[in-house]
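Protein chains: 2
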Amino acid sequence: MRYNPITIEIIEELRRIVGSKNVFSDEEKMEAYSHDETNAEEYGHMPEVVVTPTTAEEIAQIVKLANRELIPITPRGAGSGLSGGAIPIFGGILLSVEKMNKVLDIDYGNMMLTTETGIVTNEINALIKEKGLFYAGYPMSLETCYLGGNIAENAGGGRAVKYGVTGRYIMGMELVTPKGEIVNLGGKLSKDVTGYDLKQLVVGSEGTLGIVTKATIRLTGLPTAKSNLLVLYETPKAAIDTVPVIMAKGTIPTSMEFMDKLSVKTACEYLNESLPYQQAGAMLLIEIDGTNQEQVELEAEAIGDLCMENGAIEVYVADNYTTQERIWSVRRNIAEAFKVVSPIQSLEDIVVPIAAIPDIIPELDRISEKYDIKIPCYGHAGDGNLHATLVKNPDHTLEHWHEIEPKALRELYQVTKKLGGKISGEHGIGVKRKGYMLENMDPVELDLMKAIKKAWDPNYIMNPGKMFDLDESN
Amino acid sequence: MRYNPITIEIIEELRRIVGSKNVFSDEEKMEAYSHDETNAEEYGHMPEVVVTPTTAEEIAQIVKLANRELIPITPRGAGSGLSGGAIPIFGGILLSVEKMNKVLDIDYGNMMLTTETGIVTNEINALIKEKGLFYAGYPMSLETCYLGGNIAENAGGGRAVKYGVTGRYIMGMELVTPKGEIVNLGGKLSKDVTGYDLKQLVVGSEGTLGIVTKATIRLTGLPTAKSNLLVLYETPKAAIDTVPVIMAKGTIPTSMEFMDKLSVKTACEYLNESLPYQQAGAMLLIEIDGTNQEQVELEAEAIGDLCMENGAIEVYVADNYTTQERIWSVRRNIAEAFKVVSPIQSLEDIVVPIAAIPDIIPELDRISEKYDIKIPCYGHAGDGNLHATLVKNPDHTLEHWHEIEPKALRELYQVTKKLGGKISGEHGIGVKRKGYMLENMDPVELDLMKAIKKAWDPNYIMNPGKMFDLDESN
Numbered sequence: 001m002r003y004n005p006i007t008i009e010i011i012e013e014l015r016r017i018v019g020s021k022n023v024f025s026d027e028e029k030m031e032a033y034s035h036d037e038t039n040a041e042e043y044g045h046m047p048e049v050v051v052t053p054t055t056a057e058e059i060a061q062i063v064k065l066a067n068r069e070l071i072p073i074t075p076r077g078a079g080s081g082l083s084g085g086a087i088p089i090f091g092g093i094l095l096s097v098e099k100m101n102k103v104l105d106i107d108y109g110n111m112m113l114t115t116e117t118g119i120v121t122n123e124i125n126a127l128i129k130e131k132g133l134f135y136a137g138y139p140m141s142l143e144t145c146y147l148g149g150n151i152a153e154n155a156g157g158g159r160a161v162k163y164g165v166t167g168r169y170i171m172g173m174e175l176v177t178p179k180g181e182i183v184n185l186g187g188k189l190s191k192d193v194t195g196y197d198l199k200q201l202v203v204g205s206e207g208t209l210g211i212v213t214k215a216t217i218r219l220t221g222l223p224t225a226k227s228n229l230l231v232l233y234e235t236p237k238a239a240i241d242t243v244p245v246i247m248a249k250g251t252i253p254t255s256m257e258f259m260d261k262l263s264v265k266t267a268c269e270y271l272n273e274s275l276p277y278q279q280a281g282a283m284l285l286i287e288i289d290g291t292n293q294e295q296v297e298l299e300a301e302a303i304g305d306l307c308m309e310n311g312a313i314e315v316y317v318a319d320n321y322t323t324q325e326r327i328w329s330v331r332r333n334i335a336e337a338f339k340v341v342s343p344i345q346s347l348e349d350i351v352v353p354i355a356a357i358p359d360i361i362p363e364l365d366r367i368s369e370k371y372d373i374k375i376p377c378y379g380h381a382g383d384g385n386l387h388a389t390l391v392k393n394p395d396h397t398l399e400h401w402h403e404i405e406p407k408a409l410r411e412l413y414q415v416t417k418k419l420g421g422k423i424s425g426e427h428g429i430g431v432k433r434k435g436y437m438l439e440n441m442d443p444v445e446l447d448l449m450k451a452i453k454k455a456w457d458p459n460y461i462m463n464p465g466k467m468f469d470l471d472e473s474n
Numbered sequence: 001m002r003y004n005p006i007t008i009e010i011i012e013e014l015r016r017i018v019g020s021k022n023v024f025s026d027e028e029k030m031e032a033y034s035h036d037e038t039n040a041e042e043y044g045h046m047p048e049v050v051v052t053p054t055t056a057e058e059i060a061q062i063v064k065l066a067n068r069e070l071i072p073i074t075p076r077g078a079g080s081g082l083s084g085g086a087i088p089i090f091g092g093i094l095l096s097v098e099k100m101n102k103v104l105d106i107d108y109g110n111m112m113l114t115t116e117t118g119i120v121t122n123e124i125n126a127l128i129k130e131k132g133l134f135y136a137g138y139p140m141s142l143e144t145c146y147l148g149g150n151i152a153e154n155a156g157g158g159r160a161v162k163y164g165v166t167g168r169y170i171m172g173m174e175l176v177t178p179k180g181e182i183v184n185l186g187g188k189l190s191k192d193v194t195g196y197d198l199k200q201l202v203v204g205s206e207g208t209l210g211i212v213t214k215a216t217i218r219l220t221g222l223p224t225a226k227s228n229l230l231v232l233y234e235t236p237k238a239a240i241d242t243v244p245v246i247m248a249k250g251t252i253p254t255s256m257e258f259m260d261k262l263s264v265k266t267a268c269e270y271l272n273e274s275l276p277y278q279q280a281g282a283m284l285l286i287e288i289d290g291t292n293q294e295q296v297e298l299e300a301e302a303i304g305d306l307c308m309e310n311g312a313i314e315v316y317v318a319d320n321y322t323t324q325e326r327i328w329s330v331r332r333n334i335a336e337a338f339k340v341v342s343p344i345q346s347l348e349d350i351v352v353p354i355a356a357i358p359d360i361i362p363e364l365d366r367i368s369e370k371y372d373i374k375i376p377c378y379g380h381a382g383d384g385n386l387h388a389t390l391v392k393n394p395d396h397t398l399e400h401w402h403e404i405e406p407k408a409l410r411e412l413y414q415v416t417k418k419l420g421g422k423i424s425g426e427h428g429i430g431v432k433r434k435g436y437m438l439e440n441m442d443p444v445e446l447d448l449m450k451a452i453k454k455a456w457d458p459n460y461i462m463n464p465g466k467m468f469d470l471d472e473s474n
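As given, the protein sequences belong to chains A and B, one line each in that order.
Using our numbering, read the first sequence as starting at 1 and increasing by one per residue.
Using our numbering, read the second sequence as starting at 1 and increasing by one per residue.
Per the computed footprint, the stretches of chain A lying under chain B, defined by three or more beta-carbons under 8 Å from a beta-carbon of chain B, are:
1. 185-198
2. 444-456
Across the chosen pairs, the derived CB separations fall in these ranges:
3. B:GLN293 with A:LEU470: 54 to 60 Å
4. A:LYS64 with B:ARG366: 41 to 47 Å
5. B:GLU42 with A:GLN293: 53 to 59 Å
6. A:GLU273 with B:MET140: 50 to 56 Å
These are computed hints drawn from the structure, not numbers from a lab.
No residue lacks a Cβ here, since even glycine has one placed at the ideal position from N, Cα and C.
Could you put together the complete structure from these sequences and hints?
If you want it as structure tokens, here you go:
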């Protein structure tokens, strides 16, 4: 695609649409909008202009302008993404929803909340907590990310085993289409088969099918009781083999997090923490929640028994807040800990069938050894979503890293595919992984996706270059 | 669209593809394939030929033939649909998946099952029951319907409050696209953001976006404990107002069924049954399930208390199988009971925000009075999905019924829309409701749907005339 540059006339027109204070193009201010949480050097790109509209109508006008002038638009939430989805790789207009953060309606009768999408996800939970409710679709980054970004990426998180991911909670949305029309999809409805489910198509489409300006989300009763187990195993296989056994017994844990020995060791060193049996081959961190503490503890006990019957060395019950925090802190700090080993990494989020997790461990060891890099493995065992992260060897040159990173990634994805998995479980494709789509996806499936993109966005102006490229031959 | 007729040459070609025993075109045999569970006289239409392929490859060849010759294909499951989705309204090829009913894989490690889609839904549960598992996405008609039909309609049912509807359980599928390509979407994965979620787009697309030949479904631990409450109220409003209160308390019931006085009375007369306080203005039938009988009973008790605090006259606990069956039998037989009043009806399944249900009751009374027909209201209160059914007045002529039915339907849908609802919560649009789509849906949304249909099915051969018509101007 060839796009037209942003001219002074276009900046003037943008100012007329959103007001002068919502348009800027000085390099210094724009720098923050040139990258997300992926490696800025590798993936960053400057926009030509940043706009911060305050209404869907303004966005619709901007999108119509972009269609008329053939200018790419990159929608952006908090910029906390991990696949480069919000990076304006073709320049053009960076459209940030940061000023659209009003909660419009808290409907306790329907247990739904309607909000603009530039809201920080955690603020939703803060608002409704005292009413005994929470938004269960939130990801791990809830303190910084925006709901709009969660929707674009169909974000998942540590509680997804029980509660599912973002998409399950998006009941309605206001969407500005790639042609600049405003449409409301879904509603405050638990069930709806009136036509295709377009809102679920938009969820996870990484801003390529339009800009979600409002969302109606389903709220859930806030669990008031909680219990945590730290379960130690000799081997990763023993740990993982327990997961489906637990899932089949009826009590679905909130979380089942897996940490290999390397991850635990690195995080503990980083935190100057010591966990019991730190030398265990692998650990499961299991959280159970509910409304009755006694019942939750009974369930935790039953799960602990299942673990012991299925090869655990030991089960530690974290029955108070302090202990729970100590354990979870280890889990949450694994990524940070490896940044000390090397800030240069490729944080991955492959997803495989849960029963295939044990089979991927030796493959990670093999790739790790072959390229002489560390590949700690941790993540959401309960849903097969693993952060197998390639960490640059501090002894290697940057040049060498750039040479081996794509090779190691390619091998990681090949192994994932062979085991029935996919290359992204929650972080998305964006610009970081799009080069690996064709070799990991049936071309027929990719063509079906491209057909939708072309039908909805014929001028290819809405977040182009993300997920896949529309090439000439298609 | 103008389609070409089925010629002898085409029948010969179909025979070569699927074998002679899987092709027939005699009227008598085809009659069963000319209608579903909607009124046959009004909606039925004969196919020109019926094929019963046994593999996806055969289906792909048939679809390619249909594209080449411009012949419509209507995919069909068990024919238990309630919106005419499986009726071959343009004649052409009726493609039944009835011979594709093999279970291919029961994967206990991943708690997933892969099957051909011509299987009767209940057979899946029969197969896995002894392993303590069940398929939670099943609809009320599970003893006759096929999984393929459930997927096409995104079928819901009485347990959807807790477990959700079909779509939540469809993790992967083999799809024959409208161009005749075979593609696998999704997999044995709990999370997946590798591109657009095409499988959820196909779910509920009523066979217009391809034919699902295999599905991988997620299994759930079979609940071993159960309790039922029959809760009586003076008014529908009092009953409905309790629903969100219960939902907010954390224990999500399996079912929360609503029955108005007229529905209870008619079903009880039909069954020669008597329920306590049959003259109550409305009843809620609440089921709670779990893995521990004691806990389930505690939860049921807590819900019963909530009901009493929120205006219930009385709460009856059905604590044994016989009593549970008696109550549920009333609920299940409402539709049948009204068929005795008049076999001619329009069984509807409007869906509204749960808090809006009380507001719809007086509107139903108004429409009922205006057209002098009965409109019993019952259904899935926990998800706002109500079977407000128009029942022909036996004193009216058929001609009069045909005159007032569309008018009453139109008013019902208008009221539904005004309350933030949609015209179908679980039965689908098909041919029965497509005439009401434009007035009940933003034309932008409809155009987005049509754009996908046109992009995937340029020759418009896959179940044409369902959900919407592609007119010349689009």
